[in-house]
Structure formats: C-alpha cells, structure tokens
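Take a look at the letters that make up each chain.
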Amino acid sequence: MRKPRAQPRTEAQKRLVHELRVQQLELERQNEQIRSTQHELEAERDRVADLYQLAPVAHLTLDRVGTIVEATVLAVALLGVDRRRLTRRRLHELVVPADWATLSRHLADVFAGAARRTCDLRIVKGRDTARLVRVSSVAVPDAEGQSTRCRTALMDITERKQAEEGLKDSRAQFESIVTSALDAIVTVSEDGRVVLMNPAAEQMFGCKAATAIGHAFDRFVQESSRQWYRAAIVADADAISPAPGRLGAMAARRADGTEFPVEASISEVADNRGRLFTVILRDVSARQRAEHALAERLRLEQLVTHLAMAFGHLSTVEFDQEVQRGLRAVVGFLEVERGGLIEFSPDGKVARCWAIEEWMDVGDFPWMAARLQRRDFVTVSRLEELPDEAVVDRGSYLRCRVKPQVAVPLEVGGKVVGGLVFSTVGAERATSDELMQQLHLLGEVFANLLSRKQTELDLQKLRQDLAHVNRVATIGALTTSLSHELNQPLTAILSNAQAAQRLIEVDPMDLGEVREILKDIVEDDKRAGAVIHRLRDLLRKGSLDFTDLDVNELVGDVARLVSGDVALRHVSLRLELAPELPRVRGDRVQLQQVVLNLVLNGLDAMQESAARGRTLVLRTAKESSAAVRVATRDSGAGIDAADLDHIFHAFYTTKSAGLGMGLAIARSIVEAHGGRLTAENNPDGGATFSFTLPVGEEGP
Amino acid sequence: MTGPPAPLVFIVDDDRSVRKSLARLIRAAGYDVEAFASAREFLARPPYDGPCCLVLDVRMPGLTGLELQETLATAGPGCPIVFLTGYRDVRASVKAMKGGAIDFLIKPVNDEDLLRAIERAVTKARQTRREWARTTEIHERIKILTPREAEVFALVVTGMLNKQIAAELGVSEKMIKVHRGRVMEKMLAGSLAELVRLADEGGVASPHS
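Going down the list, the protein sequences come from chains A and B. Note that numbering that gives the first Met the number 0 has the first sequence beginning at 0, numbered continuously upward. Note that numbering that gives the first Met the number 0 has the second sequence beginning at 0, numbered continuously upward.
Bound conformation, chain B alone (with noise of 0.2 Å):
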C-alpha cells in the first residue's frame, strides 16, 4: 500500500436529488465520495479497506437505515455511520447511538453539523482501524502459544504469583516459570506490565469470571 489510504464517505439515501446534493457538498469539503440508493446496492460493493464513513438515511424502501448499521456490525470495524432523519424519532435515534452511530442528524441539515459529524466518523475510523490492527497483531502472537502456555498468559495477567498457578494448574512452580519465560518471548513483551497491556488489547479473558 502506499501511504495512508484516504478518507471515503460513502451516503446511502433513496433519493436521488438528496443524494446528489449531499454528494456535492461531501465533496466540495474534500472528501472522496461513493453515493448508493439503497443499503443493498451499498452491500454489494466490495469492503473498502481504509478509514471511511456512511451518511445514511433511516427511512428508506427496502433495507432501512437501522437494519444496514445491525447488518454492518456484525461485519468487522467497518465505517461509523451518521444518520440522516427527515423527522424527530426519539426511539430510532436511541437505538442508532446505542448501536454506535456517530450522529442522528435532522433533515435538511446545515452543512457544517453534517461535515463535524464525518469529521468525527473519520477519526474514529482511523482509530478504530488502528486499534483493530493492534489487535490482530496481539492475536497473531497468541496464537503461536501453546495451549499450556496460553494458560499460563491467561492467569499470568490476572497478577497471580507462580506458586499460585502451579496450584491452580497442577504442575510445579518451576514448569510456570518454563511457560512464563516463554510467552515473554512469543509475545514480545519485556515486563509483566506489558504483556498485561498486551492482554487487555488482545482481549484476552481471564479465567476468574
């Protein structure tokens, strides 16, 4: 790849002069923009890879905006959504922000709250497209663990002493110390509170529920 892909907002609404105008104005900010009339068009374009952003409609024909931003979250970080109404629904705007939109905007909408909100998607696309590859770089090395010594992570970063793993897992203390030395080594941790940001990032459960 060569640098940083660029920000894509893309805006899915069923009508075209809307879509039009919205288009302009997305771009006129400085944007790339990929305009869809309906969610299943969208769908069917291949997933951008680089941070990116949906304007969405929540009343369209076909699948609505609410149902789009389920189907996308079930898909990987994918792009925040800011949400275009043409009409106050204090139910559908709840359920849009708990889904994690970026913004349930009223139609028409002035251009500089439509444009902070993108802003705002971006960035956190951005963020979001980081921290997910931080994390798919953390479940790489977890993966080359072995069972045991993944056991060992496991209750390592919970703050357990060795004599209290040998415990719990049955072996000697001096075996903990074996796997203990060798998961610093695979995960490419230099100290204990490291490796512990490495769980945590990594998403690691601890066996203590």
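Bound conformation, chain A alone (with noise of 0.2 Å):
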C-alpha cells in the first residue's frame, strides 16, 4: 500500500483512499468469516473427539502387527490398563495366549481382504479373570491408498456367553427332571391330546407313552373328575396371561380300568407349536388310606374314651343298659350287626352274657368260650371253619343265622374274666389285623369294666362280710342277755319237771297242780323255742357257708392283700407254710377277717419299733391229727402282763386309735369255728397270736 499524502487530494487520491477502505472492510469480513469457521471446525473435530472416545463400544486402531496406536476411554476400561502404558504394546499381551493365533489370524484377515472380520478372544483382566471380548475389526486406508492401520471394536460378551451357555444347561436339567420326577408329568395340547409322557407317568397310568402320545388324555380321567380337568385347561386357554396352574383333586384311571386319586397341577407353557398344558399328577392312593386310617383312629379313640367314660362312674343298677349301649357304640363303630360280652367266672365257666337284642346266651357258643379262656382270639369267617366238636357253637350260628364271628379274650391281670363277641348277619367277612387291633382295644374298655364290676361285688361283698363282722360283735355283746332270756324259760321247765315229780309222790297227788305244771312246761318250752329262733335269726348271713378250706390259700391270700401295706410300714413279711395241710372247714371270709385283724396287729405292733428289724411271720402248722393251726408272729414290743388277759376282751384296747373290737371280734369267729385264739409273748420279744381250726371232717 501506498503512503498518502498530506496536501490536497486529488479526486483520483480520493478515490483510490475509498477503494482501499473497502477493500479494508472486506478483508476484514473474510478473516471474521475465516475465524468463525476455524472455531466451528474446532468445536466440531471436539466433538467427534468426545464421540470417538465416549462411544460405547471400545475401539483400538491397530497397525498390522496389533500395535495399538490409538484407545478410547473404553477400550482402556475393558482391558484394565493404563492408557499410557497401553500405546505402542501389542495387543497380544493382553490376550490369553491360547487366542495369540487366532488374533494373528484375524489381523492377517483384516489387512489381506480389508472387510469386516469378527473374532472372540479372551482378555487377561486382573490376576486370575479372563474376559470374553467380540472383535470387530476393518482396515484404514492412508492417503497412498495403503492399508497400515485397522480400527478394532471391542465388546465384552462374558455375561452373554454365560446367558446361552446356561440356558443351554437349564434345558438339559429340565429334561432330566421331567425324565426321573416321580410326579407324572404329562403334557397336553389344547384340544386334549397327550403330547409327551414321563416314565413316572407311563407307570402310573400302566401305559407306553408311544401309544399315549397324539390321543386324548380324557381316558385317564374318571368321568367324574372330567369336568373339572376340561374346565381347568379351558380356563387357562381363556386367560389373557398364562395361569399359575390350577391345582385340585381328581380321579385317574389306569389303563386297565383300575382307579385311583390323583392331585394334579395344570398349567399353560407358553411354546411356538401352541398352547401347551403341562398337567403334573400325583397318586394320593396312599396319602388317602393314611387319612383314612388316621380318622378311624380318631374315632376309634373317641369311642373307646366315650366308653371308658361312660362305664367309668357305673353303679351295679346302670350296669346291664350301659353295657348294652357300649356294644352299640362298638357294633355300630365296626359296622356289624352283633355284638355281645361274656363274663367268666372265676372257675372258667360262661357265667353272664349280654348281647345287642338277645342274639347270644349263656350256653351258646361253648367252643369259642373254651378257646377265650385259652387267650385265643377266635375268628370263624365261615362256618366250614368249625371243627367238629364246636357242634353246639355250630347249631348257634344257625339258630341266630350270624355268620363269620370275631372273638376276643378280655383279660385282666393276667386272667380271663370274659370275652367280648363280634357277628355279621350279612355277607360273611374276613378279619384284618386292623380289626383285630381295634377289637384288641376295645376289649380292653370291656375287661376293665368288667374288673370293675367284679370289685365293686367284692367291694359289696366285703361290706356284707362286715356288717355280719359287726353282727357277731353284737351277738356277743347280746350272748349275756340271750343267755339269760332262755335260761328264764329252761329254769322255770326244769323247776316245774321238779316240782312235779315231787307232787307226784305225795299221796293224794293234786293231779289239777300236776296238769297246770305240765302245761307251763309246755309253754315255757315255746319261749325257750322262740328265744333260740330269735338267735338263730341273728345269726343268718345270706352267703355265710361253711366249705373246704385250704389254710396256706387263705393266709396266702390275706399276705398278697396286705403286702402293699406291710411295704409300706418297711416290714418283712415271711410266710411259712406247712406243706399239705389237711383242708378244714370254714368260712372262707370270716376266717381271711381273722388272719388279716392279726396280721394288721403285728403290723401295728412293730410301729414303734427299729424299721430294720420289722418281721412278721406268718405261719401253718398241723397242731394234730384233729387240728390245724396259724400263727402270727411279730418282732414288736410284745404284749404288756397287765393286758394279756384283756386283749381278747370286747372294748380293750392298748392302741390311741382303735375301738378294741378286732381280737374280740376274731376269738369269737375262731371260737364259733371250734378254734381257740390264743396270745404269747415270745421269749425273744415280739408276740405270738395264734388260732387253732378243727381238721374237717364231715363231707360237704
């Protein structure tokens, strides 16, 4: 540019200044223009910079041997290491050496063919983890048209490796599992036809899947479970989203007709051949007769509570109607028609029965009852069963047309005090070990009620043995006065007889005097007779008899009762028994009523003395060829001189509790026995009662 002047412009001058200017102003304009794309072209190659180094795929620009020349952020990341030590190391180093061949390959690919290449390498990440990683790699081509460089995508497909590989697992596990289940497994389309069938199925059915497969499943459903299996496959065809299956009972059937319970699940898998419905079936049969066996239990036990409670608080009046409304119970619980309970006597001989409506009596079934009495369960299930010595038994069961019969012992400590009898009318049955376990029970219930029955007797029994205790007691408080009263009569007979003979030797005889004085006589007799029938009245007891004793029995007896107690007062008891005693005779209970007052006296006795050395004796001895004799011998204080003559007194007594009565009460039984009771001190202390019995004689 030229200089401009100071002097006047020419108009040329002029000119030439404004020219510049504008020149000026538009050189001006291009440098902003020039300016502002410079920064758009900055702002732009930034961006591609952030894009290129934020794209989520990892890239590397490699050169032919796998130098990495360039990383984006993410390709650092995926291989863990530092970007600058990452630059100018080849790839290989970070590659698995097994993969070193195959990245050469691939590389050697990219260069030859120059079009997209993928390959699968696995990085070293870390001390010990490797990564999966997707290669992807193309070539660049430089400005000579020479390919020295590659750009290479990464993309870390670990977890999608995983993914596949595991669902390839899980369809292995699953095949198993519909293979070796235990449930039946069986799959149906939607118009009902069995597509697959697991073996667990093809048992349960009895049925080949290949003969299954392409028809109905129906024929393995009972009609009457048909309904609900069709409404549950339709319901889950209906639903909008796959149902969580339908759980619920149903009748299956086998392939030979056979029927049995199932449980069964059905539910739709989604499946691109259709709608599919899995249907998984589980035979109940067992579970049921669990249930089954389980609520017969219940019930069983329900009754045999019900009885026991029922017969629990019973009095001898309630006895026959409750008896009989526990055999309905039983007969009903059983379900058969006849029912009935025997009771033994002692000697083994059918002494009662009861049975629903009278079927069965006493002298019926004489077979069986010899078979309770053996501890045989007896059971007929059909009447060819019966030997023929069971002739009785047999007319029986035709007389009462019962057919089969269930029969069992009932026991109580160890014996057999009855038997409780079970009989259909209808179809003949056979017997399960179920209902024997069940009969086993309830004759338990039986026995017990029928031991209860029987002390309750002996309980009644022993009272009536008391009160006639308490009865001789007052006989003897009442010997004085009755003796009294019939020597009155006996006094004035013999004065009159006296009298008479006298009157008689006088001559005259006053014949009137002699006639009135046989005339008292006469009546004097009649009272004398009256008071006799007044004693003899005293002295009746319904069940007192005489019989056969066997002494050692019956002090055995009195031991066994007493031995809770003789325990109990830490006392030994000893029995010293003479071997064949002759029998004598007596009353059983009043003579048990002797032994057991003596026995509760040595017991008594020995309360104060040292517990170590509490004996008592008790012992039979043949006293002669006519008598026989028990004594009992304690290890107490022994028996005071003073009160040796009173002890046998009524109302005398040396103990704080006690009315006296007991050794009065048993000289009087031993003395109406024609025995004498006797007491001794012992010269080693302690004392001896002692009762003697007159050997019988006279038959019964």
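Any given hint could be a false lead.
[Stated by the list, open to error] Derived list of chain B stretches under chain A, where covered just means 3 residues or more per stretch with a C-beta under 8 Å from a C-beta of chain A: (1) 6 to 20; (2) 24 to 33; (3) 95 to 108.
Derived by calculation from the structure, the hints in this document are not laboratory data. Every residue gets a Cβ at the ideal spot worked out from N, C-alpha and C, and that includes glycine.
The two chains are supplied separately, each in an independent frame; assemble them into the complex guided by the hints.
Spelled out as structure tokens, the structure:
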C-alpha cells in the first residue's frame, strides 16, 4: 500500500483511498468468516473426539502387527490397563496365549481382505479373570491407499455367553427332571391330546408314552373328574396371561381301568408349537389310606374315651343298660350287626352274657368260650371252618343266623375274665389285622368294665361281710342277755318238772296242780324255742357258708392283700407254710378276717420298733391229727403282762386309735369255728397270736 | 306267839314263769312261799318275824339282787339269801358271797341244790335269830348298868385285877369291888367266866383297842 499524502488530494487520490477502505473492510469481513469457520471446525473436532472417546463400543487403532496406536476411554476400561502404558504395546500381550493365533489370523484377514472381520478373544484382566471379548476390525487406508492401520471395535460378551451356556444347561436339566420326576408329568395340547408323557406317568397309567401320545388324555381321567379337568384347561386357555396353574383333586384311571385318587396341577406352557398344558399328577391313594386310617384311629379313640367315661362311673344298677349301650356303639363303629359280652366266673364257666337284642345266651358258644379261656383270638370267617367238636356252636350260628364271628378274650391281671364277640348277619367278611387291633383296644375297655364290676361286687360283699362281723360282735355283746332269756324258760321248765316229780310222790296226788305244771312246761318250752329262733335270726347271713378250705391258700390270700401295707411300713413279711395241711371247714371270709386282723395287729405292734428288724411271720402248721394252727409272729414290743388277760375282751385296746373290737371279734369267729385263739409273748421279743381250727371231717 | 314261827321262803324274780315254778317246787318241798316280781315289791312287805330265806335273782330291772342284798344288810338279821343267776359272773358271785349270801346258783337250777341251799339258809336264819335274841337280852341287861358300872364291866372282862382297874379309873380298890358286885348282879352272871361270855356275846368292846 502506498503512503497517503497530507497535501490536498486529488479526486483520484480520493477514489483510491475509498477503494482501499472498501477492500480493507472486505478483508476484515473475510477474516472474520475464516475465524468463525475455524472456530466451528475446532468445535466439530472436539465433538467427534468426544464421540469417539465416549462411544459405547470400545475402539482401538492397531497397526498391521497389532500394536495399539490409539485407544478410546472404553477400550482402556475394558482392557484394564493404564492409557499411557497401553499405546505402543501389542494387543497380544493382553490376550490369553491360547488365543494369540486367533488374533494374528484375524489381523492378517483384516489387512488382506479389508472386509470387516470378527473373532472372539479372551482378554486377561487382573490376576486370574478373563473376559470374553468380541473383536470386529476394519482396515483404514492411508493417503497412498495403503492399509497400514485398522480400527478395531471391542465388545465384552462374557455375560451374554454365560447366559447362552446357562440356557443350554437348564434345558438339559429340565429334561432330566421331567424324565426322572416321581410325579407323573404329561403335556397336553390345546385340543386335549397327549404330547409328552414322562416315565412316571407311563408307570402311573400303565401305558407306554408311544401309545398315548397323539390320543386324548381324557381316557386317563375318571368321568366324575373330567369336567374339572376340562375346565382347568379351558380356564387357562381363556386366561389373558398364562395362569399360574390350577391345583385340584381328581380321580384318575389306569389303562387297565382301575381307578385311583390323584392330585393334579395344570398349567399352561408357552411354546412355539402353540398352547400346551403341563399336567402334573401325584398318586395320593397311599396318603388317603393313611388319612383314612388316621381318621379311623381317631374315631376309635373317641369311642374308647366315650366308653371309658360311660363305664367309669357305673353303678351296678345301670350296668346292664350301659353295657348294651356300649355294645351298640362298638357295633356301629365296627359296622357289624351283632355284638355281645361274655363274663366268665372265676372257675372259668360262662357266668353271664350281654348281647344286643339278646341274640346270644350263656350256653350258646361253648367251643368259642373254651378257646377264649385259653386266651385265643377266635375268628370264624365261614361256618365250614368250625371243627367237629363245635357242634353246639354250629347250631347256635345257624339258629341265630349269624355268619362269621370274631371274639377277643378279655384279660385282667393275667386272668381271662370274659370275651367280646362280634358277628355279622349279612355277607361273610374277612378279618383284618386292623380290626383285630381295634378289638384288642376295645377289649381292654370292656375288660376293665368287667373287672370294675367284680371289684364293685367284691366291695359289696366285703361290706356285707363287715356288716356280718359287726353283727357277730353285737351277738357277742348280746350273748349274756340272750342266755339269760333262754335260761328263764329252762329254769322254769326244770323247776316245774321237779316240782311235779315231788307232787306225784305225794299221796293223794294233786292232779290239778300237776296238770297246771305240765301246761306251764309246754309254754316255757315254746318260749325257749322262740328265743333260740331269735338267736338264729340274728346269726343268719346270706352268704355265710362253711366250705372245705385250704388254710395255706387262705393265709396266702391275706398276705397278698396286705403286701402293699407291709411294704409301706417297711416290714418284712415271711410265710412259713406247712406243706400238705389237711383242709379245714369254715367260712373263708370270716377266717380271712381273723388272719387279716392278726396281721394288722402285728403290723401295728411294730410301728414303734426299729425299721430294720420289723419282721412278721405268718406260719401254718399241723397241730394234731384233728387241728391246724395258724400263727402270726411279730417283732414288736410284745404284750404287757397286765394286758395279756384282757386283750380279747371287747372294747379293750392299748392303741390310741382303735375300738378294741378286732381281737374280740377274731376270737368269737375262731370259737364259732370250734377253734381257740391265744396270744403269748415270744422269748426273744414280740408277740405271737395263734389260733387252731379243727380239721374238716364231714363231707360238704 | 304260839310256838316257833314256820320258816318262810321269799322268791324275788322278775320272770313270771320262773317265779311260779320255783314257788311250786319250794312249796312242794314243804316250805311256805311268798313270791315277788321285784325288789321293791318285796321291800314293801312288812318284815317277817321268823326264820326265813330269800331266793333272789341277780339280774332284775330296777333294784338288782345285789343292791337288794346291800339294802337288807343294813336292816337287821333279816333273811339269808340264795342267789340265782342266768350266767357265771365271778365278780358278782364273790360280791354276793362276801355280802353273806348262802349260795350263788346258776339257772336252770337243780331242785336238790336249791332245796339244800334253802335248808342251809333257814338253819342259818334260825341260828341268827337265836343269837340276835340273846344279844338283845344282854343288851337289855347292859342298859341298866350305871356309867361307872359299865366302865368297870368293860375292864373286868379284859381280865384286869381290881387294883389295876382302880388305878385306871382313879378310884379306890374298895369302890371297884362294890361296882363289880353290882355288875355281876345286874348281868345275872354267876361267875367271872360267865360275865366274860356275856360281854363277848353282847359285843362289849374292850377299852384296849
């Protein structure tokens, strides 16, 4: 540019200056444009660089031998190596050696064909983890058209690979589960045909999969369950989303027609072959059997409890009624028609019989009763089973029109006390173990009932006996008054007779007076008779009976009776029983009472002595050819000499609690049996009470 | 009284027929008999002045035989008792015998045993009556003695000498001799020995206890 002048300018000059100015402005505008474009370019470059760096796929730029020229941020993260140390290293260093060959071949392929190539490489990351990376590369030509570089995209496919592998595994697992499942699994198509059947289903239905597939599944469903089964499929088919499955009880049918209960679960499975339904079936007949047995057991227990309660507070008055009610309950439970209870007497005979509607009686089934006595469970399913000797039984069966029979022996304390008998009227029925078990349990209830009844009777008898003993005691007290009463007429008779004797010696005899006397004698004799009669009335007792008794047995009975008491008092009880004692005649209960009394006395006497030495000896011996002696020997303090004379008197007692009647009663009983009861002190301490009983001579 | 009164047998028994039969028997043996149904009835009878015997039942309602025995014992010589009882009662029999009973017989009683006992009782009754009559007579004599004479009588029969008696009573020997003479007179005693017997029979106690 020329230097402007300061002298007045010419027009040309002026024009030039103007042009220069315009040009300058133009330049300035262009300059401005260039600057703005440059700015845009720079911004674009940054954006691209950012995009490159931030792209979701990791990128590397490699040369022909795999040296890393550039690496994006993601690539750095993927390879897990510092960026500064990454460049100028070969990618091989980061790949597991086994994959080096793959990488080299990949690079060779890329630079040879320039087409996009892909391969999977395992990248070492950290000490011992490897990531599976999918590598895609494309060669990049330079200005001369030579490919010296390639761009490589890296993608971590470890998880995806694993998922693929997992999918493969679970399919295999599924197949093995279906095959080995215990439950029957059947896949059914939408139109109800069997598509698949596992071995368990084959076994359950007794039908090979090959013959079932393609046919309707209905044939395995019992008619009553078809509706449910179809509804389950329809419900699923209509459902908008696949239903979680329907669960229900169903009756199934095997190929051979037998039916059995199952639990079924039906659910839809999505399949590319269309809608399919998986039916899982479980045979629940065993469980139902168990449930049934449990319910049965519960029912039995309820029945037993009910009976035990009903029989628990039973008076002898209600006994027959309650037995009938109990039998009815049991008959209802067992679903039989006839029931009966037999009671045996202690000598093993059928003593009584209770039966619903009196269908059986005491003498009806002697063969069965004999077997019950031997503790046999008697089961007769068919009349033909009866042995020849059961003639009476057979007759009774025919007459009562009952068919099979089950009878259980009722035992209490090792003794058969009775039997429980059940029969049916209708069809003959086999007896199961279950039935026998039930009968066994029910038998116990009835056995207890009989034993309770016996106890009740024994108690009643004991009360009677006690009442009698009391009466005997009363009689003892009344004896004096009675003998006085008896003496009066006897005295009068004798005196009258002797007066008459004197009168008839006198002459003349006063016949009138003698006649009077004879009349009086007759009157007095009647009076004496009446007194004796009254005495007999007083002594009378219903079950008083004299029988032949084994004294050892009697003493043994008492010993058993007091064994509890003896143990409680820390006394050692010793029995010294003479063998082969002759039998005596007497009232068992009364004599037991005597022995019991003496034993209890002995126990009382030892209460104060040292526990260690407390010994009570019960001894029997043959006194002579005509008498037997029973003795109780205690180791107590003995009897005070002053008491020795009085201990047998009524109301005489040395005990603080006692009426003093025991020994008095004992003595009166012994004397009533023609024996003698005595007491003496032992030389080595304690006392011995003993009594004799005459040996029974007369026959019963 | 015309001659000795006849022995009378009383029967007390609550049993009518016993009573009746015993009465018959005893009457047949020759006794007079009166029978009573209770002790009370018997006690209501006026006392019998003659030899008698009581056949008594031990056990009776109301007053028992033993109680009647006690009651009678306090009322003079009365009747010897023959007890009858229905049963052996050692204690009762001992008590009865100690109380002076003739016998304790068990019913029914044999006639010979009963009549022998009655006979013994009657004999004893007679004897008792005699003794009682004698004692009564002696007592009558003793009653007429002065107090001093009675004192002298009591001492004389113990065998004391006049001198000793004088010293005992604090009077002169001479006065004792006078009293002694009067005692012999009043007591109708011929000798000292007779006087001693009278004292014995009359139950005069010696001052020396």
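Each hint tested on the structure:
{"no.": "1", "hint": "6 to 20", "verdict": "holds (count 5)"}
{"no.": "2", "hint": "24 to 33", "verdict": "holds (count 4)"}
{"no.": "3", "hint": "95 to 108", "verdict": "holds (count 3)"}
When each numbered hint is compared with the structure, no violation occurs for any of them.
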